[in-house]
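Chemist: Below, each chain spelled out in residue letters.
Number of protein chains: 2
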Amino acid sequence: MDIKKRLIIDMDGVLADIYEQLIKLEFEETGTKINRKETLGKTEIEAFPNCLKHVRQKGFFRNAPVMPSAINVLKKLNEYYEVFIVSSATEYPNSLEEKYYWIEEYFPFISWKQLVLCGTKTVVKGDIMIDDHFKNLDFFDGKTILFTQPHNYEKNENSHERMNGWDEISTFLL
Amino acid sequence: MDIKKRLIIDMDGVLADIYEQLIKLEFEETGTKINRKETLGKTEIEAFPNCLKHVRQKGFFRNAPVMPSAINVLKKLNEYYEVFIVSSATEYPNSLEEKYYWIEEYFPFISWKQLVLCGTKTVVKGDIMIDDHFKNLDFFDGKTILFTQPHNYEKNENSHERMNGWDEISTFLL
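In order, the protein sequences belong to chains A and B. Here the first sequence is numbered in this note's numbering, starting from 1 and rising by one per residue. Here the second sequence is numbered in this note's numbering, starting from 1001 and rising by one per residue.
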């Protein structure tokens, strides 16, 4: 029997579509509809004037939309890999419970044993990491997959495999 | 400059005195004062009839007493080691925020970056682990310290260094 490879998967910007959530909240607050194209190459804070306010408000993570195809692909990956969802969350204590219930709602096949809420990801070990941030991928020992998001658009990713969405990941890992 | 060794420290039964909290709640509920000696060799569930009810109730973790000498010793350890507090918490989602604020109150020198709330500890890597459970220590790659608690009393610990409290750890690690 083969031992399953351990797959470390990020939440914000990988499973949860944070830019869509920020576009919606910015529109509700200011009436300005920021186009996704305008955010290319910008961090969330640079792209959304009220980013920090919105991220800190109750419900931000609980009501975030799911990234397209994430549910079906993760369901499959969960059969063939030892999956852990590892999320930087302790900076925003109100996000902890919200992230738990968000996973429970959209990914009910992921158990509480597979969830890790932390501050820095240097402390986790695994075989493959999927993340949208270099600061996480650069310190990981195993194979690294950079999940395309506006803030990492066109940035150099020589050392990481770039994937544009969950369908590409499905083809690559399954 | 030496790179600091990474020290992984458990919360329940190591930093937080869970047996004391259960003795108090059992007494408040039933009027029966369970003696710590009666709990030797028993898990919390075996020793306390209302354990599961109490663990699940709001405030259980937030109001748990701190283990003797834990604050002063951890403050010192935090200077000489790269400390991470790693707690099994995702089984009880209400514990997530409680554990965050408990650490913030009693260990304000520990930042949110040093906190990891997870389901299983097989996913963390480090040099030294302090824990009261074999299920965590047995799967750790580095040096392992078994923190004496009633449930692990007199159990075989050939492969782990047994420590009876924070003062012993201080002498051993500092």
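Watch out, some of these pointers could steer you wrong.
With a cut-off of at most 27 Å between alpha-carbon atoms, the simulated DSS-like pairs for lysine-lysine come out as follows [what the hints assert, rightly or not]:
| id | chain 1 | residue 1 | chain 2 | residue 2 |
| --- | --- | --- | --- | --- |
| 1 | B | K1075 | B | K1037 |
| 2 | A | K125 | B | K1058 |
| 3 | A | K42 | B | K1075 |
| 4 | A | K4 | A | K53 |
| 5 | A | K42 | A | K113 |
| 6 | B | K1024 | A | K135 |
| 7 | A | K5 | B | K1075 |
Some chain B residues close to chain A (C-beta under 7 Å, calculated; not the full set) [stated by the list, open to error]:
| id | residue |
| --- | --- |
| 8 | C1118 |
| 9 | G1119 |
| 10 | L1174 |
Hints in this document: simulated from the structure, not taken from any laboratory. Fair warning: this is a prediction, and the values are worked out from it, not measured in the lab. Even glycine gets a Cβ: it sits at the ideal position worked out from N, Cα and C.
Chemist: Against each hint, give a clear statement of whether it holds in the structure.
Modeler: A quick look at each hint next to the structure:
no. : hint              : in the structure
1   : B/K1075 x B/K1037 : violated (30 Å)
2   : A/K125 x B/K1058  : violated (32 Å)
3   : A/K42 x B/K1075   : violated (39 Å)
4   : A/K4 x A/K53      : violated (41 Å)
5   : A/K42 x A/K113    : violated (34 Å)
6   : B/K1024 x A/K135  : violated (45 Å)
7   : A/K5 x B/K1075    : violated (37 Å)
8   : C1118             : holds (4 Å)
9   : G1119             : holds (4 Å)
10  : L1174             : violated (22 Å)
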